[in-house]
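Asker: As a plain string of letters, each chain reads:
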Amino acid sequence: MFAAAIVGGIGSPIGAVVGGFVIAFSEVIVTYAYKKFFIYLLPESLEPSGLMQFLSTDYKFAVSFIILVVVLLIRPTGIFKGQSI
Amino acid sequence: MKALLNQQNRAPLAFAVMGLLLVGVGMGQSWPFALAILNLCLISAVMSLGVNIQWGYAGLLNLGVMGFTALGGLAAVLVSEAPVLEAWSVGGQGMAVSFILVVITIILSILVYRNMAASWQRRLTLTGLYIGAYFVINHFYGPAVYAIESVNPATSGFLGGMGMPVIFSWVLGGVMAAGVAWVVGKITLGLRSDYLAIATLGISEIIIAILKNEDWLARGVKNVAGLDRPVPFELELQATPWFVDMVQSLFSGRLAELLDTQRADALQQLVIQSSSIFVKLCYTGLFSVVLVVVLLLSMKALNSPWGRMMRAIRDNEEAANAMGKNVVRQHLQVFVLGSAVVGIAGAMLVTLDGQFTPTAYQPLRFTFLVWLMVIIGGSGNNLGAVFGGFFIWFMWIEAEPLSIAFMDLITAGMEQTSDLRKHLLKSAPHLRLFIMGLVLLLTMRFMPRGIIPEETRLHSV
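These protein sequence lines are chains A and B, in that order. Okay, so the first sequence: first residue is 0 according to numbering that gives the first Met the number 0, each after it adds one. Okay, so the second sequence: first residue is 0 according to numbering that gives the first Met the number 0, each after it adds one.
Please note that the accuracy of each hint is not assured.
What the hints assert, rightly or not - Once the Cα atoms are required to be at most 30 Å apart in a straight line, the calculated DSS-like pairs of lysine-lysine come out as:
| # | chain 1 | residue 1 | chain 2 | residue 2 |
| --- | --- | --- | --- | --- |
| 1 | B | Lys185 | A | Lys59 |
| 2 | B | Lys211 | A | Lys59 |
| 3 | B | Lys211 | A | Lys34 |
| 4 | A | Lys35 | B | Lys211 |
Claimed, not checked - Reference excerpt, derived from the structure (chain A facing chain B, CB under 8 Å, subset only):
| # | residue |
| --- | --- |
| 5 | Ala32 |
| 6 | Gln52 |
| 7 | Asp57 |
| 8 | Phe60 |
| 9 | Phe64 |
| 10 | Leu67 |
| 11 | Val68 |
| 12 | Leu72 |
For the record, the hints were derived by calculation from the structure and aren't laboratory data. Glycine is no exception: its CB is placed at the ideal position from the N, C-alpha and C atoms.
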């Protein structure tokens with residue numbers, strides 16, 4: 000949650016909303032098991048054997064921390080220029 | 000009273016009180032228990048010296064202490080465990096290939112970053128490189144991990160270590176923590192203090208997550224138990240003739256008073272008790288050596304021109320920068336040094352425990368408690384940090400007996416079956432955090448700069 004606020008930009012309400020979406024979606028995108036997805040998409044002969052995850056679900060919070068650090072480095076005030084504390 | 004508590008007297012007085020407290024535990028509870036507390040006090044003191052180097056000298060707010068402690072612990076596993084040859088033969092090749100590929104990816108991305116102008120083409124190339132590298136590396140890494148983790152998963156399932164005496168891990172722990180601190184520092188030290196705190200907190204959580212989930216490295220949450228020990232085992236000691244002889248001569252007076260029939264049993268009891276004390280004393284000796292070396296080096300460093308420069312940077316970054324000191328570079332240096340000391344302490348801790356449990360690394364215990372030691376002991380003063388390590392660890396352990404005694408006292412007048420009494424007695428262990436908070440608040444109220452504060456060097460012109 001804290002990550003979301005900082006990513007969006009502290010003091011900017013729109014930033015907080017956007018930050019929340021960015022964090023939540025990237026967590027899910029990176030740790031989602033795409034197996035079902037490929038089962039529907041591909042013919043049966045190509046059905047994937049594994050879960051087709053990029054990263055194990057245990058690393059979910061690591062994703063948000065990495066995004067946080069990257070945002071802090073590139074735009075210390077968040078995506079939407081918030082206050083710098 | 001004021002004169003008694005002045006700057007010069009405070010440190011010896013504080014340590015004398017600490018010694019008395021430990022002796023009191025030895026007499027009142029038991030000597031092995033007092034020595035166990037003392038051993039962890041020594042480790043905590045080394046840890047808080049490390050944090051003191053970062054916070055007290057340079058003002059770096061590092062909330063990632065836990066991560067560096069865990070890296071030290073990992074070093075203890077990697078040094079002392081015997082290599083699992085079967086795992087190496089099935090997965091070693093894949094691991095080596097993926098390691099080389101990671102290195103190649105890093106070199107390539109540095110080359111791309113250096114040789115292309117900042118543009119969307121560069122961003123696109125880098126992104127493409129990383130995505131491509133991810134799939135190529137996973138092609139080798141995934142099967143290798145699977146193969147390694149399937150080798151006797153109940154007892155090994157990891158690559159094992161180097162099979163060397165565990166004492167070398169204290170060096171390796173420092174080196175590993177320093178290496179990771181260099182990378183972390185390179186990334187985060189451009190941030191201002193509060194952001195640095197958030198970033199290091201996050202990175203330490205990531206380190207723990209990796210240790211928990213990468214089973215091929217140190218078995219993850221399956222833990223590594225039964226590590227090598229630098230000191231003899233109690234049971235072996237009890238069977239060694241010279242040790243039995245030593246106990247016999249030490250307690251000859253007490254043994255002589257007994258009847259012949261009781262003597263053998265009494266000796267057996269004494270040997271068992273003394274073996275536990277002896278092993279703990281061995282650890283105490285080893286840890287004291289490390290603590291004294293680190294303490295002497297830090298005191299020397301703090302009083303050197305280097306230490307003066309660090310304090311100048313801490314007190315006024317802009318002024319130090321204007322005087323031609325490279326602030327970012329010095330910050331990186333002191334961050335690496337402090338983390339190395341924390342890593343050494345982490346390796347010592349796992350050596351003492353004899354097992355590596357990634358789930359045991361909690362920020363409360365390994366980051367905030369260590370911070371409490373530095374703040375209460377007196378940041379910027381090495382003796383203060385050592386005292387903080389002793390005192391806070393002592394309180395952390397003794398808070399439980401104290402709070403149980405306190406609850407017994409206030410519930411003494413109540414009826415045996417009263418619900419309030421049961422509830423109060425049940426909640427006694429939770430008073431530990433309350434007591435720690437109380438200690439912090441009282442110290443901050445009456446000694447805002449810590450129990451043994453930093454010496455102010457005011458020279459009249």
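Asker: What are the numbers of the hints that this structure violates, sorted from low to high?
Answerer: Violated: hints 5, 6.
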